[in-house]
Amino acid sequence: MAEIHYLGEIATGYGFPENKLCVRYKIKYGAAWKLISGNKDGQTQTDWPQDEDEANFNHFMDLHFGARGIQGWPQIMIQVYLVDSNGRRVLYGYGSSILPITAGYEEVEIGTWRPADQSIRGRLKSYLLDSSPELAEPETIISSATQQRQQLAAEAMGYVKIKFYTVLRNFKKYGIET
Amino acid sequence: MLRGMDLMCKYSYEMGSDWVVAAGLEEGFSQRCTSGNEEFVFNLPMDCTFKSTNPSGWPRIVIELIGQDNFNQDQPRGFCWALVPPIPGSRKIRTAIYLPQASSKMQALSHWFTGNAVNFTDPKIIARPNGREMTRVQSVGYVTIQFDVTASGLSKFGYDFGKDS
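Protein chains in written order, with the UniProt record's numbering: chain A, 1 to 178; chain B, 1 to 165.
Simulated from the structure, these hints should not be mistaken for laboratory data. Please note: incorrect hints may appear among the correct ones.
[Stated by the list, open to error] No farther apart than 30 angstroms at their CA atoms in a straight line, the calculated lysine-lysine pairs in the BS3-like style are these:
(1) A/125 to A/34
(2) A/20 to B/51
(3) A/20 to B/105
[What the hints assert, rightly or not] A short list of chain A residues far from chain B (calculated; beta carbon distances all over 10 angstroms):
(4) 11
(5) 38
(6) 43
(7) 58
(8) 69
(9) 86
(10) 98
(11) 121
(12) 144
(13) 165
(14) 166
Ideal placement from N, C-alpha and C gives every residue a C-beta, glycine not left out.
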């Protein structure tokens with residue numbers, strides 16, 4: 001069985017309207033994959049940076065996968081939240097990315113988006129409260145190109161940077177080139 | 001944010017249960033450094049050898065910056081962790097340091113009163129994947145760490161760690 005270790009860090013978030021952020025993540029993978037050890041989901045700390053625009057999460061992810069096939073390669077889905085001084089949590093973005101396929105160091109920058117209500121009422125609400133509609137079932141929509149995306153209006157939000165060190169095992173033995 | 005302070009750096013390693021320290025120092029303290037501008041120089045050497053049966057739980061270096069307040073008590077001034085690079089070679093890493101914030105108004109008030117900065121009960125929890133959901137922090141600066149890593153036995157067990165880019 002081929003194995004992959006991801007030694008990753010959810011590092012920073014930047015480019016959002018406000019920088020008081022936290023990130024929730026979830027790892028999704030197909031039936032040919034097994035998560036041998038590591039957390040499938042988690043939430044980072046909340047950072048309120050003072051001097052810089054970047055919010056720092058410094059969150060460790062230690063994933064060990066066993067793979068019997070290439071289909072269903074693991075993906076990470078993230079939801080970014082604004083945590084403001086009133087304790088409110090506002091959805092600030094959805095995003096997803098495939099975990100790296102080559103051994104070595106890689107910085108994955110995930111661009112995030114959130115649903116946008118284009119009506120007058122929706123735009124006023126967004127302007128006054130900085131809030132947006134949330135998806136009832138985010139996972140399918142975030143991680144794949146489904147029909148439902150066609151009907152969605154969205155606005156672009158900021159970026160989350162995740163640093164990965166990828167360690168492959170026995171990939172050459174099974175003849176998989178990455 | 002750290003301007004004008006005296007800082008001392010303490011490092012330690014957090015690793016998974018499959019890892020042991022084979023040789024070298026597991027912890028170290030630096031000298032106390034003052035700075036006229038925003039750059040502090042520690043120049044603190046680290047030397048450690050680890051052994052494991054599994055890449056999971058790869059060692060992370062946990063950095064604590066400690067300063068003194070007006071009463072000469074040690075106060076935390078920043079925390080961060082960085083992964084010891086799994087790729088053999090030389091690597092310079094710059095990572096952000098942050099201070100935990102009080103989780104309630106009462107706690108903030110009592111800390112302000114006593115002059116104690118908010119602290120983690122165990123600094124190594126920042127390097128673990130769990131348990132940080134409710135933590136609120138404030139970024140205060142950056143730390144640069146230079147790693148030179150050598151490894152043995154990696155390809156023998158079928159592992160490919162990739163090249164240094």
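State the violated hints by number, sorted upward, taking the hints as numbered earlier in the document.
Violated hints: 1, 2, 4, 5, 6, 7, 13, 14; rest satisfied.
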